[in-house]
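Protein chains: 2
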Amino acid sequence: MAEPEHSDSAWVREAEIAVVGIGLMGGSLAAALRGANERPRRGRRVVGIARRAATLPLAAPLMDEATLDIRAVAGADAVVLAAPPRAIIRLLPQIAALMRPGALLTDLGSTKSAIVEVMSTLRDDILVVGGHPMCGKEAGGLAAADPHLYDNAPFVLCPVPGRAATAVARAAGLARVLGARPHILDAARHDRLVAAISHVPYTTAVALVAAAEALAASDGDTLWELAAGGFRDTTRVAAGELDMWIDILLTNQPAVLDHLDRLDGALQQLRQAIAAGDIALLRGVLEAAQTRRRGLFR
Amino acid sequence: MAEPEHSDSAWVREAEIAVVGIGLMGGSLAAALRGANERPRRGRRVVGIARRAATLPLAAPLMDEATLDIRAVAGADAVVLAAPPRAIIRLLPQIAALMRPGALLTDLGSTKSAIVEVMSTLRDDILVVGGHPMCGKEAGGLAAADPHLYDNAPFVLCPVPGRAATAVARAAGLARVLGARPHILDAARHDRLVAAISHVPYTTAVALVAAAEALAASDGDTLWELAAGGFRDTTRVAAGELDMWIDILLTNQPAVLDHLDRLDGALQQLRQAIAAGDIALLRGVLEAAQTRRRGLFR
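Residue numbers (numbering that gives the first Met the number 0), protein chains in the order written: chain A, 0 to 297; chain B, 0 to 297.
In short, the hints are calculated from the structure, not lab data.
Some clues are possibly wrong.
No copy is singled out in the list; a pair is fine if it fits within one copy or between any two copies.
[Said to hold, decoys possible] SDA-like mimics (lysine to any residue), calculated; alpha carbons at most 20 Å apart, straight line:
#: 1; residue 1: 136; residue 2: 218
#: 2; residue 1: 136; residue 2: 296
#: 3; residue 1: 136; residue 2: 2
#: 4; residue 1: 136; residue 2: 231
#: 5; residue 1: 136; residue 2: 290
#: 6; residue 1: 136; residue 2: 39
#: 7; residue 1: 136; residue 2: 289
#: 8; residue 1: 136; residue 2: 241
#: 9; residue 1: 136; residue 2: 232
Make the full structure from the sequences, and use the hints.
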């Protein structure tokens with residue numbers, strides 16, 4: 000992963016930043032810039048744009064202004080779209096049309112190729128770059144917002160081909176201000192990698208619950224009474240937000256299908272080793288995974 | 000799951016109990032009976048039988064005697080085999096031959112059909128019953144032993160067909176003394192259920208790591224740098240003990256293969272919904288899994 004050669008964070012201090020979508024990710028970003036808990040203010044003014052009126056009272060303490068009016072992006076030096084990928088794709092042309100020339104438009108979407116492709120079609124007097132911070136929480140929504148959510152997280156930036164590098168430098172500066180570590184990655188490569196480390200693991204977690212459900216349908220509910228730590232961990236992500244996951248799978252379809260093939264290959268190899276009682280093969284596959292997994296997250 | 004009709008725990012207080020294999024599970028059981036931390040002593044005498052001399056010094060504070068000599072089971076009122084399933088299967092005839100008439104022989108193995116089948120062939124003047132406590136820890140080994148490990152855990156007991164019910168009542172009493180909740184389950188059914196909630200989730204975790212490894216082989220190590228919470232949770236069990244998992248998969252082969260078929264069916268359905276962009280089907284499958292998963296582990 001390439002760290003950005005240039006990173007510009009000086010602009011953030013004097014900037015008005017609009018966050019469109021103030022759930023967990025957008026709300027945490029707003030709170031980190033506005034200052035909250037023991038964290039000082041980093042941006043001059045932070046405006047949050049919500050979809051529902053019910054969100055506004057909860058948003059008030061975390062940002063300078065919370066509104067339902069999308070036209071609030073018109074005064075911003077930077078606009079951050081914090082919504083599920085297909086919502087971002089729908090919003091991009093509408094938001095771009097309202098923005099002031101020279102302003103930065105970026106996003107926090109979990110897939111990048113489809114979003115970057117739409118960004119490349121937007122008016123060329125605004126700065127565009129795709130973004131994906133690799134952080135989150137089990138609990139979603141603004142109620143779970145945390146000004147420290149971005150601390151030390153990898154923050155992937157995907158340049159939009161043919162557009163000014165200033166966009167990447169400014170977004171990298173913003174990521175640094177948030178406490179994250181910016182990394183530049185081609186959108187297609189980003190999507191291949193997150194298919195492997197996030198989207199197919201989610202799909203598999205759903206399949207594990209569905210397969211257990213299929214057994215319980217004939218066997219009864221004892222299965223759920225016995226489920227312990229291993230099932231809890233391997234299926235945790237299956238409890239995630241539906242709208243986000245549907246958008247992710249549909250906007251990263253080719254990479255997800257490719258990686259489902261790789262998973263199928265690995266499952267077939269394991270199946271054959273188990274069916275044949277081939278201890279040497281089984282030990283080889285299990286040991287390679289054990290070694291790799293024990294070396295991660297240290 | 001049936002709770003046992005009869006449970007006899009009075010015998011434990013006056014009993015000498017031998018634990019064969021003093022890793023995490025056996026060591027924790029010994030410590031719970033012997034008394035440790037703020038937990039009072041529950042058994043008259045607890046003897047641990049280790050495989051390696053290096054274990055003995057670590058074992059000393061957790062039990063009344065620690066030895067390498069398998070013949071120490073001769074004086075016990077109950078013998079608990081705490082080893083991987085194939086090791087239990089090898090040990091059963093050897094241990095049974097050494098035991099005193101009327102004593103209880105049980106185990107803590109993760110699969111039960113193969114073990115219960117061997118138990119049914121043992122001399123009929125000892126009491127035999129299969130056992131599987133549904134608890135554990137990421138860290139294995141005696142160093143991680145915890146006298147509270149069994150607190151409130153489901154403890155499955157699998158009767159041995161044709162053998163005295165006294166065995167089940169005494170093992171249920173022992174489980175209660177350990178703080179666990181005994182449940183009686185037919186061995187074949189136990190094995191089907193744990194294939195779904197433990198063995199196939201483990202196999203899938205290994206396959207997720209192997210599939211990511213296959214992508215990293217051509218794409219480079221950036222994948223591992225980006226891996227975040229979702230990958231950490233879905234693959235955690237892949238770091239588990241090899242010898243235990245090899246034994247589990249080989250002694251529960253038919254149920255694991257059956258459930259791998261169910262998983263494959265669920266994955267195929269998800270693949271088709273993603274490939275077709277069938278939002279209604281996708282939402283239906285994801286939502287059912289989300290609802291089920293959110294209702295578990297509360």
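We went through each hint and held it up to the structure:
Taking identical chains as interchangeable, the C-alpha atoms of residue 136 and residue 218 are never at most 20 Å apart, the minima being 34 Å within one chain and 28 Å between chains. For the homomeric pair residue 136 and residue 296, the shortest alpha-carbon distances inside one copy (16 Å) and between copies (17 Å) are both at most 20 Å. Taking CA atoms no more than 20 Å apart as the test, residue 136 paired with residue 2 passes in neither setting, with 25 Å inside one copy and 38 Å between copies. With identical chains, the CA atoms of residue 136 and residue 231 are at most 20 Å apart both within one copy (16 Å) and between copies (13 Å).
Taking the shortest alpha-carbon separations for residue 136 and residue 290, only the inter-copy value of 18 Å comes in at or below 20 Å, while the best intra-copy value is 27 Å. Taking the closest pair of Cα atoms, residue 136 and residue 39 never come within 20 Å of each other, the shortest separation being 23 Å inside a single copy and 40 Å across copies. With identical chains, the CA atoms of residue 136 and residue 289 are at most 20 Å apart between copies only, with a shortest distance of 16 Å across copies and 26 Å within one. Only within a single protomer do residue 136 and residue 241 lie at most 20 Å apart by alpha-carbon distance; the minimum there is 15 Å, versus 31 Å between protomers.
When the C-alpha separation of residue 136 and residue 232 is checked against a cutoff of 20 Å, the pair qualifies both within a copy, at 14 Å, and between copies, at 12 Å.
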